[in-house]
Structure formats: C-alpha cells, structure tokens
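K.L.:
For reference, the chains in residue letters:
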Amino acid sequence: MAQLALDVKGLTKSYGSKVVLENLSFTADMNDFSVICGKPGNGKSVLVRTIMGLEPVDAGSIIVRGKDVAQVSAGERNIGYVPQSFALYPHYTVKENIEYPLDLSKASEAEKKEAVERVSELLRIKDLLGKKPEQLSGGQKQRVAIARGLAKATDVYVLDDPLVGLDFKLRERLIDDLRKTQEELKVSFVYLTSDPLEALSLARTVMILAQGKIVQQDSLDVVYDLPNSIASMNSLGFPEANILPGDLSGTTFTSVLGSIKVKMDSNSSKVVAGIRPEGFQVGSGSGSVDGKITLLENLGSEFAVYFNVKNTNLVTVVSRTDNDALAKVKNKSTTITFKPEAIVLFDAESGKRVGQGVSHV
Amino acid sequence: MYDIRLENITKKFGDFTAVNNINFTIPKSSVTVLLGPSGCGKTTLMRMIAGLENPTEGKIFFGEHDVTNVPTRRRNIGMVFQYPVIYRNTSVRKNLELPLLSEKLSKQELDKRVDEVAEILGLTDVLKKLVEELDNGTRQKIAVGREVARQPRIILFDEPITNIDLTSKLELKRSLKELFGRLQQTIIYVTHDQTEAMTLADQIALMQDGVISQSDSPKEIYENPASQFAGWFLGNPGMNFVPPQFISVSGSKITSKMFSQTIDLGSKASSADTFGVRAEGISVSPTEIKGGVKARVTRKSIGAGGQYLLDLAVDNLLVKARVSHSIGRSVSENVWTTIESENITFFDKSGKAI
Numbered sequence: 001m002a003q004l005a006l007d008v009k010g011l012t013k014s015y016g017s018k019v020v021l022e023n024l025s026f027t028a029d030m031n032d033f034s035v036i037c038g039k040p041g042n043g044k045s046v047l048v049r050t051i052m053g054l055e056p057v058d059a060g061s062i063i064v065r066g067k068d069v070a071q072v073s074a075g076e077r078n079i080g081y082v083p084q085s086f087a088l089y090p091h092y093t094v095k096e097n098i099e100y101p102l103d104l105s106k107a108s109e110a111e112k113k114e115a116v117e118r119v120s121e122l123l124r125i126k127d128l129l130g131k132k133p134e135q136l137s138g139g140q141k142q143r144v145a146i147a148r149g150l151a152k153a154t155d156v157y158v159l160d161d162p163l164v165g166l167d168f169k170l171r172e173r174l175i176d177d178l179r180k181t182q183e184e185l186k187v188s189f190v191y192l193t194s195d196p197l198e199a200l201s202l203a204r205t206v207m208i209l210a211q212g213k214i215v216q217q218d219s220l221d222v223v224y225d226l227p228n229s230i231a232s233m234n235s236l237g238f239p240e241a242n243i244l245p246g247d248l249s250g251t252t253f254t255s256v257l258g259s260i261k262v263k264m265d266s267n268s269s270k271v272v273a274g275i276r277p278e279g280f281q282v283g284s285g286s287g288s289v290d291g292k293i294t295l296l297e298n299l300g301s302e303f304a305v306y307f308n309v310k311n312t313n314l315v316t317v318v319s320r321t322d323n324d325a326l327a328k329v330k331n332k333s334t335t336i337t338f339k340p341e342a343i344v345l346f347d348a349e350s351g352k353r354v355g356q357g358v359s360h361v
Numbered sequence: 362m363y364d365i366r367l368e369n370i371t372k373k374f375g376d377f378t379a380v381n382n383i384n385f386t387i388p389k390s391s392v393t394v395l396l397g398p399s400g401c402g403k404t405t406l407m408r409m410i411a412g413l414e415n416p417t418e419g420k421i422f423f424g425e426h427d428v429t430n431v432p433t434r435r436r437n438i439g440m441v442f443q444y445p446v447i448y449r450n451t452s453v454r455k456n457l458e459l460p461l462l463s464e465k466l467s468k469q470e471l472d473k474r475v476d477e478v479a480e481i482l483g484l485t486d487v488l489k490k491l492v493e494e495l496d497n498g499t500r501q502k503i504a505v506g507r508e509v510a511r512q513p514r515i516i517l518f519d520e521p522i523t524n525i526d527l528t529s530k531l532e533l534k535r536s537l538k539e540l541f542g543r544l545q546q547t548i549i550y551v552t553h554d555q556t557e558a559m560t561l562a563d564q565i566a567l568m569q570d571g572v573i574s575q576s577d578s579p580k581e582i583y584e585n586p587a588s589q590f591a592g593w594f595l596g597n598p599g600m601n602f603v604p605p606q607f608i609s610v611s612g613s614k615i616t617s618k619m620f621s622q623t624i625d626l627g628s629k630a631s632s633a634d635t636f637g638v639r640a641e642g643i644s645v646s647p648t649e650i651k652g653g654v655k656a657r658v659t660r661k662s663i664g665a666g667g668q669y670l671l672d673l674a675v676d677n678l679l680v681k682a683r684v685s686h687s688i689g690r691s692v693s694e695n696v697w698t699t700i701e702s703e704n705i706t707f708f709d710k711s712g713k714a715i
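One line per chain: the protein sequences are C and A, in this order. If you count by this note's numbering, then the first sequence holds residues 1 to 361, one letter each, in order. If you count by this note's numbering, then the second sequence holds residues 362 to 715, one letter each, in order.
Hints may be right or wrong, so weigh each one.
Said to hold, decoys possible - List time: in silico DSS-like cross-link candidates among lysine-lysine, alpha-carbon distance up to 25 Å:
1. C/Lys330 to A/Lys661
2. A/Lys580 to C/Lys330
3. C/Lys132 to C/Lys152
4. C/Lys328 to A/Lys538
In case anyone wonders, no lab produced these hints; they're calculated from the structure. All figures in this text were calculated on a predicted structure; none of them were measured in a lab.
Produce the complete structure using the sequences and hints provided.
P.N.:
Structural data, given as structure tokens:
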C-alpha cells in the first residue's frame with residue numbers, strides 16, 4: 001500500500017478543563033484532495049495549529065510520510081501551509097512575498113526561481129510578480145497568499161479555509177484553481193472549511209469534524225449518501241439538511257411530518273430524524289403535509305424553498321425549469337410530500353445513525 | 362411615490378471613472394438591485410442617489426424634481442448600511458421611536474408606526490430588550506426598522522447582509538423579502554451576492570466597469586443574458602462558453618462539435634462567434650445515445666440539493682454539467698451529452714448576445 005501523507009492518531013488537546021480535541025484520528029492519502037468539514041466551534045483552528053506544530057499536543061501522534069512529528073518543531077515538519085488570513089507584506093512585491101518563506105528556510109536562488117515560476121504559473125499570477133499588494137484586487141491577493149503557501153516544495157499541504165470571506169465569483173474560480181493545482185502537483189491537500197458548499201465542491205475524500213473528533217471519513221459520495229451521524233448529515237449538504245425531533249414507538253416514528261414505519265439497525269429510545277432538502281417533493285401524495293412558504297431563495301439553477309410545518313422550519317429545493325412545482329410554491333402555502341426512505345434516524349444521545357424510514361403509515 | 366431618473370451620470374475620482382455616463386430609470390414602488398463585482402461602480406452610484414457624492418456630470422431626478430444639488434438630509438431617503446447604525450444600551454422600541462420624535466406624532470400614532478414595523482420584521486417579541494442582548498442579524502433588522510418607520514419615499518440598502526453571520530443571514534433575508542413585499546417605497550439595494558439579488562429584486566441592474574450592462578427581472582437576466590459577462594456572473598457556476606473553433610457557420614446555419622442539430626440563426630448567423638450554455642442546459646447520458654457527443658468525465662462534485670456537477674472534456678474543451686444525484690453517482694469515465702437549441706445563447710466577437 002502506498003505510504004500515507006498524513007496519519008493522525010489519538011490527537012488530544014485540552015485548555016484547562018475544556019477538551020478541544022478528543023482522541024481525534026484521520027488519514028490523508030498522497031495525491032488526494034481531503035477536506036475536513038465541520039461547523040464553527042468544533043476545534044478546526046486548534047487542529048490546524050497542532051498539525052502545523054504551532055501548538056503542542058497533550059497526547060497522540062501526527063505521522064507525516066511515516067514519521068511521527070508530534071514532538072518535532074514547526075519548521076522541521078515539512079508541511080506546506082496556507083493560513084486563513086492572508087497577511088501579505090505591504091512593502092514587498094508579489095515575487096518577494098512568495099519568496100519570503102523560502103528565504104527563511106535558506107533556499108538557494110535556483111530553488112527560489114523554480115518555486116516562483118511553478119506557483120505563479122499554477123495560480124495565474126505571472127504578470128503580477130512585480131506589483132505591490134496594494135495594487136492587487138482581493139482575489140489576486142488571495143491567489144498570491146495561496147501561491148506563497150504552495151511555494152514550499154513538499155508533498156503535503158494544509159489549507160486552512162483560504163477562501164473564507166471572498167465573494168461568490170472569486171471563490172468559484174479559486175475552487176477550480178485549487179483542484180487543478182492539486183491534480184497537477186499530485187500531492188496531498190488537507191483542506192479545512194466550515195462551508196458545506198465549498199467542501200462539496202472540492203473534496204474527493206471528506207472527514208467530518210464534530211466536537212473535537214473526526215466522526216466520519218470516506219469518499220464524498222459515501223459520506224453524502226450514508227451519513228453515519230447527525231453531525232455528518234448536518235455539516236455536509238447545501239441547503240443544510242433538515243433536523244426533525246420526534247418520537248419512536250416500536251417501529252413507528254412520529255414527527256411534524258406525521259408517522260412513518262422505520263427499520264432500526266440498533267436500539268435507541270430517543271431519536272432525532274434528518275432529511276435532506278431533496279428528500280421532499282412539492283405536491284400531494286401519500287404522507288403529504290401542509291406547509292407555509294416563508295422564503296423562496298433564488299439560487300439560479302434552482303430555488304431553495306423554505307417552509308414551515310407546525311412551527312418547524314424546513315427546506316426543500318425546486319429546479320427553475322420545474323414550472324409545475326414553482327407555480328405551487330409561489331403561493332403562501334403548499335402541500336409537500338416525502339419519500340419515507342429519505343428520513344434517517346439518529347440516536348439523540350450519541351448522534352449515531354440507528355435506522356431509516358421504510359414506508360408511510 | 363416617485364421613480365428615480367439618472368441622466369448622463371458620470372463620476373470621476375481623479376483619472377478613474379467610477380461611473381460612466383449612466384442613463385437609467387429606477388421605477389417607483391419596486392425593488393431594484395445594483396449587482397456587480399467589486400469596483401463596478403454600484404456603491405458610487407448609490408451614494409450619488411443618496412447625495413453622499415456629487416456627480417462629476419449629469420443630473421438626478423426624484424420624480425420631476427431635480428435633486429442633483431439637494432443635500433442628503435433634504436432628499437427624504439432612508440439608508441441602511443453594512444454595519445447597523447443603532448444605539449446599543451437602549452431598548453429596541455426606543456431605537457425605533459427615536460427617528461420619529463422630530464415628527465411630533467401623537468402617542469397613538471407613534472406606537473402604531475413602531476408596532477407595524479416591528480411586526481413585519483419579526484421584532485415584536487424583542488421590543489423591550491436592550492440592543493446589547495441581541496445578535497447582529499437582529500440588530501440589522503432594527504436598523505432597517507428605524508429607516509422604514511420614518512416612511513421616507515426612497516430607501517437605500519448598501520450590502521446590509523454582507524457582515525451578518527451565516528445563521529442570522531437567512532432570517533434577515535426572510536424579513537427583508539417580507540418587508541419589500543409590503544412596502545410601497547422605491548427601494549435600491551446594492552450587493553455583489555447574486556443569490557441575494559435574485560431573491561430580493563423585482564429588477565436587477567447588472568453593473569460592469571461603471572456602466573449598467575443589463576437590467577431585467579432575475580428570471581430574464583438568468584435565462585437570457587445580454588452578454589457573456591451576465592452569463593458568467595449569474596449562476597453558480599457561471600455559464601459555459603464554447604469558443605469559435607467548435608463552431609462552423611455556413612450561410613444562416615450553425616453546426617458545432619458540441620451538438621448534433623443544425624441551428625438556423627437567419628441573418629444573425631454571420632456574427633456568431635461563441636455560444637454559451639448553462640450547466641443545467643447540458644443533458645448527460647451514462648450510455649451512448651443517438652446524436653450524443655462523447656465526453657470524458659474529469660471531475661465530479663456535489664452542488665445544491667444533492668445534484669452533481671460534472672467537469673466534462675470534449676477534446677480540449679472543458680465544460681460543467683449539472684445532473685441529478687442518481688446520474689452523477691453512476692457515471693464514471695465516459696458520458697454522452699446533448700444540448701437542446703433553446704438552451705444555447707450565441708454571442709458575437711464583442712461578447713454581446715445575438
């Protein structure tokens with residue numbers, strides 16, 4: 001088997017009595033685009049800082065290319081790093097900004113020349129090399145910052161939410177740039193974000209970060225289709241998956257959507273349900289419910305339809321070309337149905353997947 | 362209520378022309394969104410309407426009144442900014458009342474105005490609370506409420522959602538949509554966010570390099586972009602563009618490697634240079650079909666509502682196609698694509714739709 005780029009095992013980090021990372025483990029393959037996705041406040045920043053060596057760990061190992069670097073200083077870990085905020089040096093040119101980290105590691109002129117050429121080609125900033133940061137647009141600055149992070153010639157890179165705060169169209173371009181860059185360099189990218197759409201756009205492999213742990217790691221397809229926990233379903237998906245409280249009695253689950261028969265894989269006394277927006281369909285059918293439309297959000301190719309059933313806010317999506325469905329949601333209220341199999345049950349305590357809907361009652 | 366008419370409006374900052382000879386009418390009692398990338402001139406244009414900047418050339422009319430030289434405070438407009446302008450250690454009710462005090466309303470009329478606005482914006486339950494106790498989405502609602510309660514004839518919004526955290530954004534959008542549906546005022550809303558624009562606007566004025574390049578309803582501008590710029594800017598991802606080497610023109614007829622049908626463009630055919638097609642305008646079959654164009658799947662990702670976005674290569678051309686979850690999940694190496702003629706927009710050399 002090919003060597004892992006990164007093998008993090010049992011990482012633990014506390015501040016006083018507050019446990020931020022708890023026995024966290026994941027692996028990242030060489031030549032893979034891995035995305036660690038989790039909502040804010042789940043330990044993302046601390047995880048980045050411990051991997052990069054900017055923060056000591058309490059326990060656990062960080063194995064880079066087969067060697068544990070958990071106790072090795074930041075400068076000797078040989079991991080490329082693109083930080084979240086892109087502080088460029090204002091008095092340096094773009095070229096000097098890119099070279100700066102290489103100067104620190106005492107790279108030769110030839111190495112620097114090669115690095116600048118490589119990354120400026122990749123990120124399409126060749127004609128900006130002589131400019132100062134103040135002459136650049138926001139998107140250009142971000143590309144320079146990413147280039148600086150990638151200038152270090154290595155094969156494992158950590159990217160900490162580098163597109164946060166940029167506008168739509170810039171992000172769209174940079175997402176393509178980043179994917180192309182990873183594919184051309186054939187290196188390992190470990191990318192952290194709290195934006196589900198960004199994770200869905202970039203990842204081949206996804207890790208879900210929740211409460212200081214990686215709760216699921218798999219290919220994008222598998223994590224999306226078979227979330228193993230409520231955190232997993234809720235963190236990865238756009239619009240965000242619907243979470244429904246309800247009661248389980250035998251094999252009948254009852255919520256504001258009415259009652260459905262469910263198949264339980266494990267026992268659970270208290271459950272919550274999750275259903276993705278596309279699990280709903282506008283129109284009547286078995287098990288349909290009445291919803292009050294609260295907002296039609298126009299995403300271009302489709303509409304996110306926010307609706308309310310018995311004081312529970314829910315969301316579904318309708319394609320812009322589905323005229324029938326669109327006509328129905330233009331009114332203040334509508335009828336909505338769902339496939340029972342789209343409902344997944346999770347244990348309310350542990351958050352783990354315990355069952356799935358089978359049929360309407 | 363009155364419409365806003367811009368006549369030959371130009372604004373220069375030194376050598377830089379921020380707004381370049383705009384002639385445009387913003388219709389009364391409707392929501393017009395000025396949309397565009399940073400630096401397109403949308404904020405400068407709004408600031409001139411507000412009277413916060415003077416145009417270098419041109420005139421601004423509110424209805425029949427030339428307001429070009431009228432100071433801001435006498436233009437009878439409300440303004441909502443990126444960061445809410447409110448009093449922090451004061452109750453929500455007091456915040457909404459303060460701008461009304463100069464109007465010397467009866468207690469009854471004052472309460473009525475405040476209660477009405479609070480109801481529309483969903484602030485009724487927090488009227489007694491101090492602003493300090495509330496999240497920034499609610500604070501922005503209060504700032505909106507303060508302006509609305511004064512009942513000015515025009516209300517300007519300058520990216521009011523941009524700095525609001527993700528969780529409050531949706532709620533604020535919902536309130537604004539509800540508010541805009543009930544107000545009779547003329548509303549101008551500036552943003553770079555296409556979703557916000559398409560969700561809130563009656564009409565979008567799309568700006569690029571200091572001019573309004575297209576103004577239309579959200580549906581029209583998305584489905585019939587007047588330029589490549591509009592096709593690219595609206596949509597996530599933007600429109601695919603197929604370059605001239607994939608297109609042959611013969612008389613009035615156009616054929617392409619990307620589709621099997623022949624399209625008759627009449628006399629316009631000779632100026633066709635490129636064509637655009639949206640990601641959802643490309644149909645994808647996992648098995649070979651008649652008239653299908655063979656394409657290689659180079660990448661897969663997931664988009665809104667679980668649909669897959671496929672990066673497809675036909676020779677050296679890369680396009681993106683949006684397909685259902687089940688098709689996206691099943692395709693691997695090769696697919697066969699078709700494009701209906703109605704999903705194709707031709708552009709001339711300058712990038713204008715023909």
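K.L.:
Between C/Lys330 and A/Lys661, is the straight-line Cα distance small enough, at 25 Å or below?
P.N.:
Status violated; Cα separation ~33 Å.
K.L.:
If you draw a straight line from the CA of C/Lys132 to the CA of C/Lys152, is it 25 Å or shorter?
P.N.:
21 Å, holds
K.L.:
Taking 25 Å as the top limit, are the C-alpha atoms of A/Lys580 and C/Lys330 close enough?
P.N.:
14 Å, holds
K.L.:
Does the structure keep C/Lys328 and A/Lys538 at a Cα separation of 25 Å or less?
P.N.:
Holds. C/Lys328 to A/Lys538 sits at ~18 Å (cutoff 25 Å).
In summary, the structure is inconsistent with hint 1 from the numbered list given earlier, while agreeing with all the others.
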